[in-house]
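Asker: Produce the complete structure using the sequences and hints provided.
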Amino acid sequence: MKQQLQSTERNTMKASLDKGRFGPWALVTGASSGIGKEFTRQIAASGINVVLVARRDALLAELGRAVSQEFGVQYRVLAMDLSQEGFIAGLADATHDLDIGLVVSNAGTANPGEFLKLDRQLLQATLRLNTTSHLDIAHYFGRKLTERRRGGLILVGAMGAENGIPRITNDAAAKAYVHSLGEALHYEFKPLGVYVSVLAAGFTNTPVLEKFRFDPKTMPMKPMSVEQCVSEGLSGLIKNRSRVVPGRLNRIMNALVPASLARKMEADMIDKGLASKSAGARA
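My numbering applies: residue 59 is where the sequence shown begins, and numbers increase by one.
No lab work stands behind these hints: they were computed from the structure.
Among the clues, some could well be false.
[Said to hold, decoys possible] Mimicking BS3-like on lysine-lysine, the simulated pairs with C-alpha atoms at most 30 Å apart in a straight line are:
{"#": "1", "residue 1": "K330", "residue 2": "K280"}
{"#": "2", "residue 1": "K77", "residue 2": "K202"}
{"#": "3", "residue 1": "K322", "residue 2": "K280"}
{"#": "4", "residue 1": "K202", "residue 2": "K330"}
{"#": "5", "residue 1": "K297", "residue 2": "K248"}
{"#": "6", "residue 1": "K248", "residue 2": "K202"}
{"#": "7", "residue 1": "K297", "residue 2": "K280"}
{"#": "8", "residue 1": "K297", "residue 2": "K77"}
{"#": "9", "residue 1": "K269", "residue 2": "K175"}
{"#": "10", "residue 1": "K175", "residue 2": "K330"}
{"#": "11", "residue 1": "K269", "residue 2": "K202"}
Answerer: Listed below in structure tokens is the structure:
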């Protein structure tokens with residue numbers, strides 16, 4: 059079974075982006091690590107130049123050099139904080155000379171914990187990053203893409219967000235907004251030649267997941283690799299699917315597990331992870 063799963067993952071990674079539709083440039087936010095970093099690699103593997111956006115300049119520059127050397131593409135690094143109001147003006151100014159055909163709006167974070175114990179200013183800053191940044195990017199680049207009459211937009215969400223997830227209450231609610239925004243834009247942009255997909259990622263092996271301190275032994279399934287998550291996301295975009303849930307088991311659970319049960323399972327996992335984190339801090 060293990061060999062079969064590995065073979066399936068390799069096959070999904072063969073999807074190649076059409077540079078005529080999605081090139082010559084792509085822009086990826088949250089590109090310094092995790093899903094955004096892998097999007098950058100797989101997009102560059104199709105020969106599309108990449109604009110890397112995140113806060114950590116050094117990590118972006120390192121990634122840019124790596125994909126340029128490996129795939130022969132050009133890159134541009136833009137270090138900025140997308141949780142700050144008005145960031146879109148700087149992003150627009152820094153990319154106005156580029157013909158961008160693919161935008162991956164991936165920047166986001168999570169702050170697990172009991173809602174009333176979290177700082178309200180932190181919640182508001184997180185909400186801006188997890189919602190308003192996607193809105194601003196979709197609005198500005200949506201106009202650019204529809205003027206081209208071709209291109210693609212991927213909004214990165216989270217599986218099960220619409221159900222509400224305790225202990226990441228604010229974060230899950232924000233992802234529900236992203237899902238609604240993306241699926242509506244899929245309908246609006248389709249006749250204008252622009253593909254829009256929401257990537258409803260499940261538990262994926264990224265630095266954000268480390269905040270939860272999950273024990274893999276107690277999780278209902280092993281976290282997905284970023285390689286598989288991103289490859290299925292790009293394959294879904296190529297097929298112009300409005301929503302992509304990566305992973306066969308994730309799709310089965312998403313379709314069959316009642317929302318109330320899924321909510322309880324997720325809350326129990328997060329509680330165990332937070333308890334482990336608290337115990338480690340006291341040790």
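Asker: The structure should be examined with respect to each hint, and the outcome stated for every one.
Answerer: Tested hints:
no. : hint        : in the structure
1   : K330 x K280 : holds, 16 Å
2   : K77 x K202  : holds, 17 Å
3   : K322 x K280 : holds, 18 Å
4   : K202 x K330 : violated, 45 Å
5   : K297 x K248 : holds, 12 Å
6   : K248 x K202 : holds, 14 Å
7   : K297 x K280 : holds, 27 Å
8   : K297 x K77  : holds, 15 Å
9   : K269 x K175 : holds, 16 Å
10  : K175 x K330 : holds, 17 Å
11  : K269 x K202 : violated, 36 Å
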